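Colleague: What follows is the residue order along each chain.
Number of protein chains: 2
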Amino acid sequence: MMTEWEEQSFIWPKGYTSDAVHAKLRYSKLDVGWLVSEVPAAAAGVYTTNQFCAAPTAITKQLIQKKHTLQALVMNSAFANACTGEQGVKDVSQEQQWVAEKLAITPDLVGVASTGLIGSYLPMAKMEKGIQALKQTSNTLLTEAILTTDTKTKTLCLTATIGGKQCTFSGFAKGSGMIHPNMATMLGFVVTDCQIAPDCLQTMLSTLTDETFNQITVDGDTSTNDMVLLLANGVAGNQEVTTEHEDYPLVKNLYHLLLTELAKMIARDGEGATKLIEVTVDGAKTKKEAQAIAKAIVGSNLVKAAMFGNDPNWGRIISTIGATSATFDPNKVAVQLNEITVVADGQPVAFSEQAASKSLEQEIVFVHVDINAGAHSGKAWGCDLTYDYVKINATYST
Amino acid sequence: MMTEWEEQSFIWPKGYTSDAVHAKLRYSKLDVGWLVSEVPAAAAGVYTTNQFCAAPTAITKQLIQKKHTLQALVMNSAFANACTGEQGVKDVSQEQQWVAEKLAITPDLVGVASTGLIGSYLPMAKMEKGIQALKQTSNTLLTEAILTTDTKTKTLCLTATIGGKQCTFSGFAKGSGMIHPNMATMLGFVVTDCQIAPDCLQTMLSTLTDETFNQITVDGDTSTNDMVLLLANGVAGNQEVTTEHEDYPLVKNLYHLLLTELAKMIARDGEGATKLIEVTVDGAKTKKEAQAIAKAIVGSNLVKAAMFGNDPNWGRIISTIGATSATFDPNKVAVQLNEITVVADGQPVAFSEQAASKSLEQEIVFVHVDINAGAHSGKAWGCDLTYDYVKINATYST
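Chains as they are written, first to last, in my numbering: chain W, 15 to 412; chain C, 15 to 412.
Heads up, a few of these hints could be off.
[What the hints assert, rightly or not] A short list of chain C residues far from chain W (calculated; beta carbon distances all over 10 angstroms):
no., residue
1, 64
2, 238
3, 294
4, 330
5, 342
6, 359
7, 373
8, 386
9, 399
10, 405
[As the list claims (entries may be wrong)] Below, computed lysine-lysine pairings styled on DSSO-like, alpha-carbon distance capped at 27 angstroms:
no., chain 1, residue 1, chain 2, residue 2
11, W, 43, W, 166
12, C, 80, W, 372
13, C, 346, W, 302
14, C, 405, C, 75
15, W, 405, C, 372
16, C, 405, W, 405
17, W, 104, W, 140
18, C, 75, C, 116
19, W, 346, C, 104
20, C, 143, C, 179
21, W, 75, C, 346
22, W, 38, W, 179
23, W, 166, W, 393
24, W, 149, W, 28
25, W, 104, C, 346
26, W, 104, W, 81
27, C, 81, C, 116
28, C, 372, C, 75
29, W, 346, C, 143
30, W, 75, W, 346
31, W, 81, W, 43
32, C, 301, C, 80
33, W, 104, W, 28
34, W, 80, W, 266
35, C, 301, C, 372
36, C, 302, C, 43
37, W, 405, C, 278
If you are wondering where the hints come from, they were derived from the structure by calculation, not from laboratory data. Given the structure is predicted, the values throughout are model-derived calculations rather than measurements. In this text, a Cβ means the ideal position worked out from N, Cα and C, and glycines have one as well.
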């Protein structure tokens with residue numbers, strides 16, 4: 015029997031300190047912050063596949079791939095430090111240097127994450143002032159400092175007993191626009207005091223990303239700065255968790271839940287969104303096809319606009335399914351909107367449009383597709399397409 | 015030296031008659047029409063790749079692939095007759111039957127095209143009345159009857175001397191939403207009185223579609239009913255054009271121009287659009303990569319919203335390029351917006367945001383990308399993402 019976990023209000027796990035300040039990168043909100051572990055922590059990461067990978071993302075990736083260890087993370091919003099060439103790389107090194115000096119650690123233990131406008135250099139004088147002002151406190155303001163057009167913080171904190179020790183897992187993220195991770199300006203972090211072997215941490219993250227963060231979309235645009243990092247500093251004092259450890263299934267389930275819920279928070283708070291759309295596809299020949307169909311549906315502008323309008327226009331769902339390369343018989347496809355069957359055997363089923371429309375008014379819409387071609391399932395999450403999405407993105411940089 | 019062509023106001027070529035009526039499939043506009051050739055015409059087509067291919071599209075495809083000949087086309091808007099199963103197929107046969115009887119021809123010479131809502135059966139009593147009311151006149155009302163959310167007809171008429179004979183090429187199309195052809199509820203037709211061999215006609219169409227209709231996008235959704243058809247009835251009396259004929263280059267150029275211009279009209283009149291976006295990509299390793307990048311850029315919601323807001327936010331263009339799988343060095347990429355260089359060598363170039371924003375106000379925006387990785391070029395066309403797109407699509411069926 016697996017030990018269970020408990021959700022609790024957001025705190026940092028043992029051995030972590032944090033702070034955030036307003037370094038005037040933007041008009042009024044917190045914009046620079048850090049997270050510091052008292053000891054070097056096992057680190058794992060997944061990163062954007064965008065060929066214009068931002069300097070902070072690229073450098074943090076190199077660090078983790080080399081030593082699988084980080085002790086501090088410095089972050090900023092407002093500027094993504096992407097498409098900034100040599101200068102961008104130098105600026106990241108400078109950030110690492112400032113943080114390392116303050117903490118009396120080596121610069122290669124300092125990860126860097128940036129989010130914001132692409133193609134502007136970081137204002138380094140402001141960054142320096144900001145970093146110098148950071149303290150090692152227990153506040154959780156960092157979860158606010160990384161937000162851009164997000165309307166709320168995205169956090170989840172779980173505790174569980176692992177190897178007889180109480181461990182805390184604290185996840186936080188930012189999302190909003192340019193969200194279509196393949197591993198968005200999407201940043202996600204889960205830090206824990208649990209002791210977990212670095213390769214085990216990386217294996218879990220790589221596996222779980224495919225069915226969590228990589229299954230959300232706000233607008234189909236894959237950012238230059240996407241990154242999800244896990245840190246595990248082992249301060250809880252448990253025996254190190256490896257993939258062979260008896261508590262491994264529990265730890266993996268914990269991360270699955272954390273990554274899924276953070277991903278859903280990002281989808282729900284997509285730019286301009288009024289609701290979360292959860293698509294479940296059953297009966298696919300492969301899991302990959304199930305996930306591809308689910309992601310195609312939440313990615314369709316027409317489906318997203320229909321959901322905003324509470325319009326049970328299932329033709330758009332069917333059309334999206336048909337545009338995928340998945341293997342199935344169009345005459346066997348079934349579609350349910352919030353448990354109302356609208357298509358069976360690939361053909362219309364009579365239903366009350368009024369009742370269906372009413373049900374779409376809720377804050378979470380469930381689309382359920384069965385393509386009856388196999389035994390595999392997949393899920394994806396997205397949001398509706400609204401006037402506010404257009405408004406936000408027609409007036410972002412100027 | 016190639017003969018030139020002349021553009022003229024829209025008429026039907028010799029040997030064609032047409033008509034359209036209001037069959038009350040929708041509230042007030044023309045919704046059923048036909049086009050009839052006095053003799054069987056060579057026919058070529060390209061069709062949606064959506065797995066839920068609509069009945070009219072599937073059946074017309076079968077007809078053309080079998081006999082490469084059509085004499086009449088019957089069309090309707092309001093209902094797509096897609097996802098309508100057996101009944102949908104029967105209804106198409108019935109339409110063919112009614113038209114064939116009226117014209118005293120065989121049903122397999124009657125092509126059928128439908129566009130509109132997916133998943134509703136055709137109201138056959140109304141269709142019958144509509145078809146029975148059609149006359150063989152010279153009016154061009156058919157170009158209106160196929161429109162759905164289109165704001166204007168899309169037509170182009172060219173004349174040229176082919177083999178010593180005056181030939182007329184009359185192209186018309188409908189587009190608007192669910193436009194991301196891979197071969198959208200996109201319908202395109204070019205009919206001519208020129209005599210052209212059927213295989214030559216099909217070869218030209220298949221080749222040209224890849225760089226014309228397949229390079230436009232309104233919303234990234236590939237419809238169930240997309241179809242582009244060419245008819246050539248030979249009534250002009252010229253010697254049959256084959257791929258070896260000396261006039262073949264001229265004829266191919268004519269079709270290239272017609273298909274490109276119809277495709278651009280569809281992109282410009284995308285649902286809610288205020289402007290046409292033309293993206294040119296140079297310096298790609300292959301033509302396919304150039305076309306893929308161009309189409310990804312016009313397909314990005316963030317780019318489209320920025321264009322609506324006259325926001326020279328080139329970071330979104332760069333990010334979209336980077337998210338493709340094309341082969342290039344990010345440090346060699348250059349981007350121009352209406353001839354204003356905004357990125358060179360993958361990095362920001364100082365420019366007047368005010369001047370750039372001002373230039374984006376024009377009705378056609380030119381995005382020019384050079385990835386400096388090879389000698390191939392590609393183009394794609396799209397439109398901006400506006401409040402009206404959301405409005406139209408949040409309230410379509412209900």
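Colleague: Which numbered hints turn out to be false for this structure?
Modeller: Violated hints (numbers, rising): 1, 2, 4, 5, 6, 9, 10, 12, 13, 14, 20, 22, 28, 29, 30, 31, 32, 33, 35 and 36; every other hint is consistent with the structure.
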